[in-house]
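Q: Below, each chain spelled out in residue letters.
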Amino acid sequence: MSTIKLNKSSAPKIGAEQIALLEKLSNAVGVSGDEGEIRSIVLETIKPFVDEVHEDAMGNIIAIHKAKTEKSLRVMVDAHMDEVGFMIIAEDEGGLYQFETVGGIDVRSLPAKTVWVGKDHLPGVIGAKPIHLTDKGEMDSTIHLDTLRIDVGKDPGGKVKVGDRATFATKFEQSGSVLFGKALDDRIGVVTLIELLKHAPDHIELQAAFTVQEELGLRGARVAAYGLNPDLAFAIDSTPSFDQPTWDGSENTQYNTRLGAGPAIYLSDAGTLSDPRLIRRLTQTAEKHAIPYQFRQPGGGGTDAGAIHLRRGGIPSVSISIPGRYAHTAVLVSRVEDWQHGLALLYHTLLELTPDVLSGER
Amino acid sequence: MKDLIKKLVESVGPSGFEGQTRDIVRAAVVPNKSEVDAMGNLIVRIGKKGNDGLRIMLAAHIDEIGIMVTHIDENGFVRFTNIGGVYPRNCPGGRVRFTNGVEGVIGIEKLDDPGKAFTLEQLFVDVGALDKEHCPVKIGDVAGFERPFMDMGKRMVAKSMDDRIGAAVLIEVIKQIKTTPHELVFVFSTQEEVGIRGAQTAAYAVDPDMGISVDVTATGDTPKGLKMAVSVGKGPAIKVRDGGMLSDPRLVKVMVDCAEKANLPYQLEVLEGGTTDARAMQVSRAGMSAGCVSIPCRYVHSPSEMVDIDDVQNAVRLFVELLSHPIHLE
Numbered sequence: 000m001s002t003i004k005l006n007k008s009s010a011p012k013i014g015a016e017q018i019a020l021l022e023k024l025s026n027a028v029g030v031s032g033d034e035g036e037i038r039s040i041v042l043e044t045i046k047p048f049v050d051e052v053h054e055d056a057m058g059n060i061i062a063i064h065k066a067k068t069e070k071s072l073r074v075m076v077d078a079h080m081d082e083v084g085f086m087i088i089a090e091d092e093g094g095l096y097q098f099e100t101v102g103g104i105d106v107r108s109l110p111a112k113t114v115w116v117g118k119d120h121l122p123g124v125i126g127a128k129p130i131h132l133t134d135k136g137e138m139d140s141t142i143h144l145d146t147l148r149i150d151v152g153k154d155p156g157g158k159v160k161v162g163d164r165a166t167f168a169t170k171f172e173q174s175g176s177v178l179f180g181k182a183l184d185d186r187i188g189v190v191t192l193i194e195l196l197k198h199a200p201d202h203i204e205l206q207a208a209f210t211v212q213e214e215l216g217l218r219g220a221r222v223a224a225y226g227l228n229p230d231l232a233f234a235i236d237s238t239p240s241f242d243q244p245t246w247d248g249s250e251n252t253q254y255n256t257r258l259g260a261g262p263a264i265y266l267s268d269a270g271t272l273s274d275p276r277l278i279r280r281l282t283q284t285a286e287k288h289a290i291p292y293q294f295r296q297p298g299g300g301g302t303d304a305g306a307i308h309l310r311r312g313g314i315p316s317v318s319i320s321i322p323g324r325y326a327h328t329a330v331l332v333s334r335v336e337d338w339q340h341g342l343a344l345l346y347h348t349l350l351e352l353t354p355d356v357l358s359g360e361r
Numbered sequence: 000m001k002d003l004i005k006k007l008v009e010s011v012g013p014s015g016f017e018g019q020t021r022d023i024v025r026a027a028v029v030p031n032k033s034e035v036d037a038m039g040n041l042i043v044r045i046g047k048k049g050n051d052g053l054r055i056m057l058a059a060h061i062d063e064i065g066i067m068v069t070h071i072d073e074n075g076f077v078r079f080t081n082i083g084g085v086y087p088r089n090c091p092g093g094r095v096r097f098t099n100g101v102e103g104v105i106g107i108e109k110l111d112d113p114g115k116a117f118t119l120e121q122l123f124v125d126v127g128a129l130d131k132e133h134c135p136v137k138i139g140d141v142a143g144f145e146r147p148f149m150d151m152g153k154r155m156v157a158k159s160m161d162d163r164i165g166a167a168v169l170i171e172v173i174k175q176i177k178t179t180p181h182e183l184v185f186v187f188s189t190q191e192e193v194g195i196r197g198a199q200t201a202a203y204a205v206d207p208d209m210g211i212s213v214d215v216t217a218t219g220d221t222p223k224g225l226k227m228a229v230s231v232g233k234g235p236a237i238k239v240r241d242g243g244m245l246s247d248p249r250l251v252k253v254m255v256d257c258a259e260k261a262n263l264p265y266q267l268e269v270l271e272g273g274t275t276d277a278r279a280m281q282v283s284r285a286g287m288s289a290g291c292v293s294i295p296c297r298y299v300h301s302p303s304e305m306v307d308i309d310d311v312q313n314a315v316r317l318f319v320e321l322l323s324h325p326i327h328l329e
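Protein chains in written order, with numbering that gives the first Met the number 0: chain A, 0 to 361; chain B, 0 to 329.
If you are wondering where the hints come from, they were derived from the structure by calculation, not from laboratory data. In this text, a Cβ means the ideal position worked out from N, Cα and C, and glycines have one as well. It is possible that part of the hints are untrue.
Simulated pairs of lysine-lysine, BS3-like, Cα-Cα distance not exceeding 27 Å [unchecked claim]:
(1) A:118 <-> A:46
(2) A:158 <-> A:128
(3) A:287 <-> B:131
(4) A:287 <-> B:137
(5) A:197 <-> A:70
(6) A:197 <-> A:23
Computed footprint of chain B on chain A, listed as stretches where at least three residues anywhere in the stretch have a Cβ under 8 Å from a Cβ of chain B [stated by the list, open to error]:
(7) 247-253
(8) 295-308
(9) 312-326
Turn these sequences into a full structure, and let the hints steer you where they fit.
A: Written out as structure tokens, the structure reads:
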């Protein structure tokens, strides 16, 4: 049972406590399939606020905040715990390792990046050839993954094994309302979902799913949604902003989202055509509470909603993301304002959610 | 039947936004009751499963390919992305109609190299807006390609024969079938063009013993065209395989025997690319016997898809024959 009563009249705030938790989670390592560090932090944090919690066969955390009323809506809210990174696939010699990318990473962004390797977060670097020794022809050519190595400096004496994960060695930083981190995708969603659990309304059953292996193809969410069988679902994620001016000064028509323009509501991506009834409910709620929002430009990419909405007989779903620049590189840049507005929008939407949201045909 | 086909193909219903088309289907199947599920599939149930009967799901998708607005530029031009398999080469000079009725023409940027294939990002829709503020559409709005239904006698041309012609076939079957030993579950499915999504959830919910879809298939009968042994006008095509599934060979045999017994023309279809709702049904839950009857169609996924009325009517006859009797797979 919930033991902590909180004031539910206004949306929870993103303050020092939430940012500290994001820092802890962003600095922790949870490359897809190896989310244990993240899972431990989440479990410890949510325990006081949930009625039931368990870890399923895939490693998803399924946490339930029960409704205090009869015939309540069962609402799944999802955020993925995993992050993109690397897997060690072979040892060369003297602390040099061949590796594969885990999830979508542009190999061109890798040379000269520092990394943490294995359970001990051993420091390493994806080496780049010194400019002194590089000729013009090499500088113009593409870099391929099989020519890159993770270098931990010297033989670490069995501390690194084939199958170990590695990730970018980026420490979380805050500069005013700007947040920098390696894994804001999707730890920013994880902290948002924790806040929603803390401030869960009593008239719905809130089914929180902290999922695994999103970056490998929405694998955790697929089984979580089947198991939960909710009436409807929201996926909280992080989405790229590519809103910088174009190099030739022409109008930027492919920005995906804009930093500072509020949380991004999904209309359509490669995996989901969001349920129009849920889009409508989100925009109505945003307008009622004067919460800024933007639509993510329809296009490719996807979130856990892609797997959730196709389970069983169909689950009405929509995604909402916090925008961030430089997704799936060593550092993602997001703003507290967008995060705060995203949390407020989800909080009010859940608080005011009634079964009539699904009346009428999609 | 042509009146119904005209109504169906002229409605705007890109994947995920099938409401207008669904309303036409719903009106056409009266007095049969219909229901709509979470994904927007319209479902009509006929008959009870008798001792020698099966629960059979019959699916035709009511969505079509189209476009969705991604950006309105500072001069009121509309940038867009595809819904389903839109070929950029079929777009310039074409017209679109949004679900809110707004019409537009598709323009193209000046190409640096006209010999190089262009992408959808180089195209835009001009809705006649004088400026950004007066643009009558917004990000997320969807449109279908706009062409009137064209009746050439035997041949008919329209923008969304894929797969409104399949919907027309199933509506006719519903009207004509007198008795059946089966529980027939007709699913007018959604979101096929974006990945067989509506049929996937419907198949789970309906939990049938057998699944058959009706869709269009490509043909090999045009100048220097595809190598494919299917022609327009030579009968409905019984699918053997496509890019996403292998039909149950026992079901293929039942359909072939049925066509021969009823003296109906038919062709066998081996399609190398593409797939249909039967793919999702076949692998739903513990699996089921699945197949497909295809209407041969030229210029698939262009704004001018061509089918033959005889193929359509023979497909209806084949289904009525097939579904009026017990089905035994051997």
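Q: Does each hint hold? Answer for all of them.
A: Hint by hint, here is what the structure shows:
1. Distance restraint check for residue 118 of chain A and residue 46 of chain A: the Cα-Cα separation of roughly 25 Å lies within the 27 Å cut-off, and the hinted pair is therefore satisfied.
2. With a CA separation close to 26 Å, the supplied pair residue 158 of chain A and residue 128 of chain A stays within the 27 Å bound.
3. Restraint check for residue 287 of chain A and residue 131 of chain B: the C-alpha separation of about 26 Å stays at or below 27 Å, so the hint holds.
4. At roughly 20 Å between alpha-carbon atoms, residue 287 of chain A and residue 137 of chain B fall within 27 Å of each other, so this suggested pair holds.
5. Simply put, residue 197 of chain A and residue 70 of chain A have alpha-carbon atoms about 22 Å apart, close enough for the 27 Å limit, and the pair holds.
6. Between residue 197 of chain A and residue 23 of chain A, the direct Cα distance comes to roughly 18 Å. Compliance with the 27 Å bound is thereby established for this hinted pair.
7. Coverage of the segment 247-253 of chain A by chain B holds. Counting CB-CB distances below 8 Å, 3 residues qualify, and the rule asks for three or more.
8. Closer than 8 Å: that is the beta-carbon criterion, and the segment 295-308 of chain A has 4 residues meeting it against chain B, so the requirement of 3 holds.
9. Look at the segment 312-326 of chain A against chain B: 4 of its residues bring a Cβ nearer than 8 Å to a Cβ of that chain, three or more, so the hint holds.
Taken one by one, the earlier hints all hold for this structure without exception.
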